[in-house]
Every structure is written in structure tokens, then in C-alpha cells.
Amino acid sequence: MAPVREAAGASPTDPVDIYMRPSFDTTRYLGSFRWIVGESLFVLGGDIAAAFGIAPLDARQGIDLAALVDAVHPDDRAAVHASTERASYYGGDLDIEFRLLGAGEFELIKLTGCCMRADSGLPAEYLGALHISIGEEPPLGTIAAHLCAAAELAHRLDEPSVQRFLDMALFELGTRLAALERELEKPRRDQAVIR
Amino acid sequence: MPTPSRRPLLAQIDRMIRITDALIAEVVKIDPIATTLLGLAKAELVAKKAAESGEVLPFSQRRNLRQ
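Order-wise, the sequence lines are chains C and X.
All residue numbers for the first sequence refer to the numbering used here, where the first residue is 1 and numbers rise by one.
All residue numbers for the second sequence refer to the numbering used here, where the first residue is 1 and numbers rise by one.
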């Protein structure tokens, strides 16, 4: 997905980009979370709460990990339990993919987070984000790159009408890509809620 | 005087048609306008291929308008 990241102007070495924004054109940002490991408490944004079927007020005050796992697809619960258990003991980055119960429109949820350690070296809390996989929708950036290559070939073919149609299609996809990028860059209210 | 072969040009057009087909198959999932434009580009390519291979006479709109 490197060309897509470059097209978006993102630096591949930027840790925020790596942890908080996995492949922007195949996933949609759902919200941020804070996991206080010692208290087994998850503090969530409004959109995540809605997706998990939790009251937004409860989510802001913090809910137990078990309540969160109840909304996960039964086939994925064991994996989520194992990952969170491991993370609470050893720390390290969180990177879990799971499905939600009764969320027909969601293909997959991707949870990523990084560990904040206490002075003792034990994991104190996790900060991270949840993304919804858009599923089989092809990455816009990749298609735009292919279309650019096709437009170059058409220029070599010296066929003005074909060139014109390909350029127009490229412009259309470029506009869509810019709109998507603008939407993703928009500040989200729920990021402020969990501060 | 020997006439230059049309084969390389036809092969290029064939390649462009295949590329356009592959692009349409992907773009149709996300953008109807871009799909239509790619469809028009393909129609132009098919018409050019038919004209180059001698199946049809090239259509010049300007010349016909003058008549």
C-alpha cells in the first residue's frame, strides 16, 4: 500500500500514521479508545459505543472489557481475549481484527493501540483507534495509479478522443479521492471526549 | 513502395482495450461516472481498431459536415 500512502502525502515512518491510520482507502475511522489496564476499563467515543451497542454515556465513563467482548462475534472472542490478556501482562502494541455481532454493514473491525507503561514497567494503559474495514471496495489510490498508466499509453497511441475520456475518468476519480481524504482529515468530536 | 504493417498499432489498441476492460471491472464498484467515461474510451478504441483493420471506413465528422 506504499503508493497510496505516498499519494496521501503520509510519511511511512510517521508512528501516528502507522498506528492510527491503517490503509486509509480500505478502512474508515470509527473512533479512539483508552484502556486503563489496571481497572480493566475501556473509555470509548460515541461512534464506537453505537457500533458495539453500548450507551454513549456509559462508554464515556468507561465500561468493563467483558461488556465489550460480548458484542464481538463468538468465533472471534477467543482471539480478542487472548490478545488483550497478553497485552495486559506484557505490554506491546495491540493489533486485533474481529467481527461485530449484528453489524451487517461492517466487514471487519480493526483495533490498533500502543502501550503506556507505568514507572514499574508494567502496562498502565493503552491508547488507540478502531477502524472499520470497507471490505471488497478496491483501493481508490491503486485504481487511480493504473488509470494514470492507461492515460500515458493513450497519449502514446495519439488518439485524442480516448485520451480525453481517460483524462476525464482520472479527474473524476481524483475528485473522489480528494473528497475521501478531506473527510478523513476532518476533526472528530469523539477524539476530544476521551482526552 | 512497401506499405508499413498495421500489426503493431493493432496490437497496441488490443492492449489498450484489455487495460480498459480491467479498469472498468474495478471502477464499476466505486464510481459510475468514471465507469461511463471508461466505457466511452473503450468504444473509441473498438471503433479505431475496426477502422485500422479495414473492417469499416474511418468516419470523419468534419468532412461529412462539409458535404
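Don't read these hints as lab results, they were simulated from the structure.
Any given hint could turn out to be false.
Rough simulated footprint, nothing fancy, chain X against chain C, three-plus residues with beta-carbon under 8 Å [said to hold, decoys possible]:
#1 28 to 34
#2 157 to 166
#3 171 to 180
Pair by pair, the computed Cβ-Cβ distance ranges are [unchecked claim]:
#4 X:ALA11 x C:THR175: 53 to 61 Å
#5 X:ALA50 x C:HIS155: 37 to 45 Å
#6 C:HIS73 x X:ALA25: 29 to 37 Å
#7 X:ASP21 x C:LEU57: 19 to 27 Å
#8 C:ALA149 x X:VAL56: 41 to 49 Å
Virtual Cβ for every residue (Gly too), placed ideally from N, Cα, C.
Against the structure, the hints come out as follows:
| no. | hint | in the structure |
| --- | --- | --- |
| 1 | 28 to 34 | violated (count 0) |
| 2 | 157 to 166 | holds (count 6) |
| 3 | 171 to 180 | holds (count 3) |
| 4 | X:ALA11 x C:THR175: 53 to 61 Å | violated (33 Å) |
| 5 | X:ALA50 x C:HIS155: 37 to 45 Å | violated (22 Å) |
| 6 | C:HIS73 x X:ALA25: 29 to 37 Å | holds (31 Å) |
| 7 | X:ASP21 x C:LEU57: 19 to 27 Å | violated (53 Å) |
| 8 | C:ALA149 x X:VAL56: 41 to 49 Å | violated (29 Å) |
Consistency with the previously given hints fails for numbers 1, 4, 5, 7, 8, ordered from lowest to highest.
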